[in-house]
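One line per chain: the protein sequences are C and S, in this order.
Residue 269 in my numbering sits at position 269 of the first sequence, and the numbers go up by one each step.
Residue 270 in my numbering sits at position 270 of the second sequence, and the numbers go up by one each step.
Hint data in this document are derived by calculation from the structure and do not stem from the laboratory.
Hints are not guaranteed to be accurate.
[Stated by the list, open to error] Far from chain C, some chain S residues (derived; all Cβ distances over 10 Å):
| no. | residue |
| --- | --- |
| 1 | Ile-38 |
| 2 | Pro-56 |
| 3 | Leu-112 |
| 4 | Gln-119 |
| 5 | Leu-123 |
| 6 | Trp-149 |
| 7 | Gln-184 |
| 8 | Asp-279 |
| 9 | Pro-345 |
| 10 | Arg-401 |
| 11 | Asp-520 |
| 12 | Asn-657 |
[Claimed, not checked] Label-pair ranges, simulated between beta-carbon atoms:
| no. | chain 1 | residue 1 | chain 2 | residue 2 | range |
| --- | --- | --- | --- | --- | --- |
| 13 | S | Ser-201 | C | Ser-175 | 31 to 39 Å |
| 14 | C | Val-229 | S | Thr-102 | 22 to 30 Å |
| 15 | S | Glu-563 | C | Lys-184 | 34 to 42 Å |
| 16 | S | Ser-291 | C | Gly-238 | 37 to 45 Å |
| 17 | S | Gly-100 | C | Ala-113 | 53 to 61 Å |
| 18 | S | Arg-213 | C | Gly-169 | 57 to 65 Å |
| 19 | S | Ser-201 | C | Ala-113 | 35 to 43 Å |
| 20 | S | Gly-100 | C | Pro-210 | 21 to 29 Å |
[Said to hold, decoys possible] Interface residues of chain C toward chain S, partial, derived using beta-carbon atoms under 7 Å:
| no. | residue |
| --- | --- |
| 21 | Ala-33 |
| 22 | Asn-51 |
| 23 | Thr-212 |
Quick caveat: nothing in here was measured; it's all calculated off a predicted structure.
For each residue, glycine too, the CB sits at the ideal point set by N, CA and C.
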Amino acid sequence: MDVNCGARDLFRVRWSDYVAGMVGKQFGKFIHAAPAISGGIGVTHVTDCANLDGVLASGKLEKRWCPVFEKDLLYFFYGRPAYRSKWDGGATSNLGYARMCFILRDEVADKAARILPFDSGGYKHYQRAFHHTLDIADFDVEPADHPRKIVAAFYESFADYYWMQPALGLSIPLSQTIVDSYYKLITGGLKETFDDRCAAIEIQLEESLPLTGEVIGVIGPNSMFDDPVLMDQIIAWGAEPRGYQLPRMFNPAEIGGRLLDEVARFLSDRGYLA
Amino acid sequence: MTEPLTMKAVGAFNPTARPIGFLQPLFAGGHGDNQTYIQRLEGWSRIGGFDAVAWPERDTVTFADPTAATLGGESLWAFQFPDEPLLLLPWEDFRTAMAGRTTDAVLADRPLLLFDIVQTLGLEDQKPETFDRAFHAYARAGRAAAERWRDKEILEPRLLDALLRDAARAPSDSEAIPIRHIFQARIVDGAVRVAMRGGASPAVSMKLERAYREILTRFPDIFPRGGRVEIENAPFTPAPFKQETPEPAAVTVVLVGKLCNRQLTIPGLDPRSSTEILDIDDLPMHRRRVSQSQLYLLVGTQSEWRVLAAAAEQLSDLPAVAVMLTVSSAPLLRDVEFQGVSPLPSVSIFTPSGSREHGDALRPLQPLIDILIHTERPRKPVMDRHGLPARHNLLLRADVRTARDAAEVCCRLGARALRSGIRPGARADVFIERPSHASPLDDYGRLFGVLFASGYPTQIDVPPSAPTLSRRLRHLTLLVERNDMGPRHVGDHIIEGVERLFAMRGWQAKREGAHFQVSDEHRQFSAIVVERKEEIPAEEGQLARPGFGRAPLLVIHVAARREALLIGNRGEYCHIALDDIGQMRPGTPWIWPVLRRQLMIPSARPMLAALRLAAAIAAEAIRLDRYELLSEGWSMGRILSALEAKDCERFLDFAPNGITRREILLHLRLPQSEEAADDRPDPILRLRIDDDGPTLLID
């Protein structure tokens with residue numbers, strides 16, 4: 001299962017209505033007005049080891065049917081491979097397969113059909129903390145606006161975004177209630193707090209994405225890169241393989257943060273994340 | 001829930017779904033709750049606790065003979081070799097068993113799985129060869145990629161181990177901050193760069209250098225020789241953005257109230273202005289991302305003056321001017337209230353289209369931008385810091401192309417200023433666009449000097465490259481002080497202003513009570529200023545014909561309604577608007593241009609009052625013998641009688657499109673008579689009003 005498959009729990013809504021309705025939205029306008037910033041920390045797509053064979057066979061990240069929007073969609077996050085950061089230790093916690101993370105060029109976000117400032121799959125949780133009149137479409141960002149603008153609007157650096165350290169004391173005008181709601185969401189100012197998915201910028205593509213020339217790094221367990229087919233493909237993509245020690249993931253404390261650390265190290269090594 | 005002390009490993013989960021590799025043991029408590037657990041590791045070897053999980057749906061194996069594990073005891077480890085029973089053993093036994101399998105053929109072409117085994121189990125004697133093989137496996141994708149992996153997976157853990165080996169605890173604040181955030185190591189240009197929060201003491205540096213020398217000794221083939229250790233302090237402060245900071249706009253227009261949420265460009269705004277437009281809500285973002293603009297214009301409508309005043313607070317530390325767009329030229333109480341609370345200087349601009357259309361509403365900003373940004377002029381001691389003549393101001397413009405002379409346009413602007421509550425003697429600046437009208441600049445200065453305290457006019461350069469040039473009219477712009485607008489003053493201002501307007505136009509006007517005596521070298525007449533309908537003086541009796549130029553009294557309406565002027569001018573007195581004083585050129589029959597303007601302004605509607613006045617003027621043309629019959633047979637007596645009838649509309653109406661800028665077309669339906677018994681069509685009257693009087697063509 002693709003762990004990035006956001007929006008799976010949302011209410012049903014017609015796709016065309018969803019996109020058409022975002023024009024002129026307060027949040028989108030706020031982001032549109034944000035500064036253009038240089039640099040970037042890439043686009044990430046996390047998938048299970050078990051899905052790797054499919055990726056290798058097609059050379060693409062394939063869109064998948066999203067029953068919520070009744071459309072084939074492909075999900076990414078900007079920079080941070082959002083996944084629950086803390087092991088909650090609950091009886092329903094899933095172990096899940098070891099994770100692979102594809103790190104793609106920033107320009108992949110230019111192909112976005114929709115951008116949201118959080119993991120849409122978690123919206124049903126955030127929604128409880130928002131005013132009841134808000135819905136997910138209120139948080140849409142114009143697809144032409146790069147996710148960097150969201151980062152620029154609420155953070156002082158890419159690293160702050162990556163490590164979820166929003167700028168404190170931002171002056172949000174009283175009339176910008178939706179923007180303020182989001183700011184409170186990412187700064188823990190709501191009556192509930194949420195895991196890092198609430199601040200992971202989500203990018204949705206309507207087309208599958210051929211990886212050649214687009215992927216700059218593939219992170220996964222060391223042993224996965226013993227597969228010559230995978231290694232040959234990574235070399236063909238022009239990407240860098242980056243392995244991690246799988247047994248570290250056997251410790252619950254590592255499950256959430258390990259991939260986050262591995263991607264951060266990769267981005268830091270490559271000069272993307274200072 | 002109380003953590004169980006003893007568990008049984010009942011199965012294992014294969015997290016890679018591959019036929020070979022580490023598996024994660026799954027435990028059950030044996031309390032009949034069917035709950036699955038995983039062990040929480042302390043180091044690799046001990047169990048620090050058990051955490052509940054859901055039983056994985058796929059890729060699990062179950063053990064027929066479960067192995068027990070105890071909290072605080074030795075951890076259990078599992079490994080799957082192809083076509084073999086799962087290996088499940090306590091840590092030390094697992095290490096021993098796996099150490100003997102590292103040369104298995106099945107691992108021969110799996111150098112990276114072998115790396116995980118050797119690294120995890122700490123099989124030191126096998127590390128040099130295993131690390132070397134793993135390094136070269138990654139080097140297939142490039143040596144740099146392999147080196148970066150090496151630094152993360154080998155260099156950093158070994159240096160950190162060396163650092164902590166003898167320490168009772170981790171470096172300071174490591175409990176609160178994950179170790180990854182306080183220690184990083186990588187080799188850059190042959191040097192080992194260790195980033196440590198807070199830097200390192202000499203002892204720590206020596207320890208790290210010693211550890212690196214040991215690394216070089218043990219793994220000479222994958223690390224560069226002769227590298228030195230460099231310790232960096234505080235490397236984890238995030239680097240701020242490199243913002244693509246746009247050049248600050250010369251002018252930032254900030255919209256408030258209902259002007260917000262409109263299009264983001266102003267049609268017609270001169271691009272040389274480098275003007276940025278944003279809504280007030282976007283101002284905080286703007287201030288974060290760009291340097292301060294040269295000028296901020298905070299723009300709102302008069303009806304939303306409270307919103308404008310509140311928004312002004314947000315710009316009080318900026319070089320900002322509040323611009324109030326008004327649809328009413330008359331001074332209102334809200335103007336006074338706004339001036340009382342606004343922390344910003346202000347300019348009111350009359351915009352007849354109001355805010356209905358965004359572009360039209362904002363287009364009048366351009367001259368203000370031209371004046372404040374692009375116009376060089378001498379500073380005056382009384383100017384505010386933006387170069388405005390006063391703290392609160394009014395901007396007025398007049399098209400100078402259609403004006404017959406400088407006095408006419410100056411009077412027109414002056415009259416509008418007076419109607420807007422400007423006091424005579426107010427400070428004013430005058431601007432004229434180039435290429436200007438034929439009138440010399442100093443003409444405008446001399447004329448406005450009669451009404452206001454104005455300086456020498458300033459010429460505004462209009463760039464030929466401006467795309468709006470072809471649409472741009474040549475304008476005279478008046479920027480005038482609008483302080484001291486108390487309602488009790490307005491009436492006095494008007495009276496004094498009318499006196500000065502007459503002087504601008506070349507008349508002598510002397511106040512005598514409520515009346516003026518107006519004169520030039522050749523004539524003299526009385527005038528009175530009326531602000532309300534009730535002040536209009538009653539006429540003495542029935543009049544056979546309108547007074548026109550023979551009128552004994554000139555009634556000057558401050559708040560003129562066209563209908564009132566048209567009705568009045570068919571009576572004994574002559575009625576004009578304040579603005580019409582500009583048309584009263586001494587030594588000329590000025591009544592006719594005034595009446596022409598009242599009747600034939602472009603927006604004129606064919607109302608009854610206009611029809612009756614047009615009939616009266618047509619009759620005057622006949623009486624003055626300024627008519628021409630284009631066809632024979634009409635009885636001038638009957639035509640004149642019809643035109644002079646009090647209810648002339650019984651015989652007369654406007655022809656379709658009967659009022660143009662050049663003439664008025666009237667359709668006359670003559671009463672039936674014997675001499676008109678034939679079937680000839682009714683006559684069409686074409687009335688022109690020239691500067692020297694009316695002319696009538698009867699067709």
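Now the hints, each set against the structure:
1. Ile-38: It is violated; Ile-38 of chain S is separated from chain C by about 6 Å at its closest Cβ, not greater than 10 Å.
2. Pro-56: Pro-56 of chain S not clear of chain C: closest Cβ-Cβ about 5 Å, inside 10 Å.
3. Leu-112: 4 Å, violated
4. Gln-119: 6 Å, violated
5. Leu-123: 13 Å, holds
6. Trp-149: Given a closest Cβ separation of 6 Å, the condition is violated.
7. Gln-184: The claim is violated: Gln-184 of chain S sits with its nearest Cβ about 8 Å from chain C, within 10 Å.
8. Asp-279: 8 Å, violated
9. Pro-345: 23 Å, holds
10. Arg-401: 40 Å, holds
11. Asp-520: 60 Å, holds
12. Asn-657: At roughly 42 Å from the nearest Cβ of chain C, Asn-657 of chain S sits farther out than 10 Å, so the non-interface label holds.
13. S:Ser-201 to C:Ser-175: 31 to 39 Å: 53 Å, violated
14. C:Val-229 to S:Thr-102: 22 to 30 Å: 24 Å, holds
15. S:Glu-563 to C:Lys-184: 34 to 42 Å: 59 Å, violated
16. S:Ser-291 to C:Gly-238: 37 to 45 Å: 39 Å, holds
17. S:Gly-100 to C:Ala-113: 53 to 61 Å: 55 Å Cβ-Cβ, so the 53 to 61 Å window holds.
18. S:Arg-213 to C:Gly-169: 57 to 65 Å: Violated - the Cβ-Cβ distance for Arg-213 of chain S and Gly-169 of chain C, about 48 Å, lies outside 57 to 65 Å.
19. S:Ser-201 to C:Ala-113: 35 to 43 Å: 54 Å, violated
20. S:Gly-100 to C:Pro-210: 21 to 29 Å: 45 Å, violated
21. Ala-33: 4 Å, holds
22. Asn-51: 10 Å, violated
23. Thr-212: 15 Å, violated
Hint check: violations occur at hints 1, 2, 3, 4, 6, 7, 8, 13, 15, 18, 19, 20, 22 and 23; the rest are consistent with the structure.
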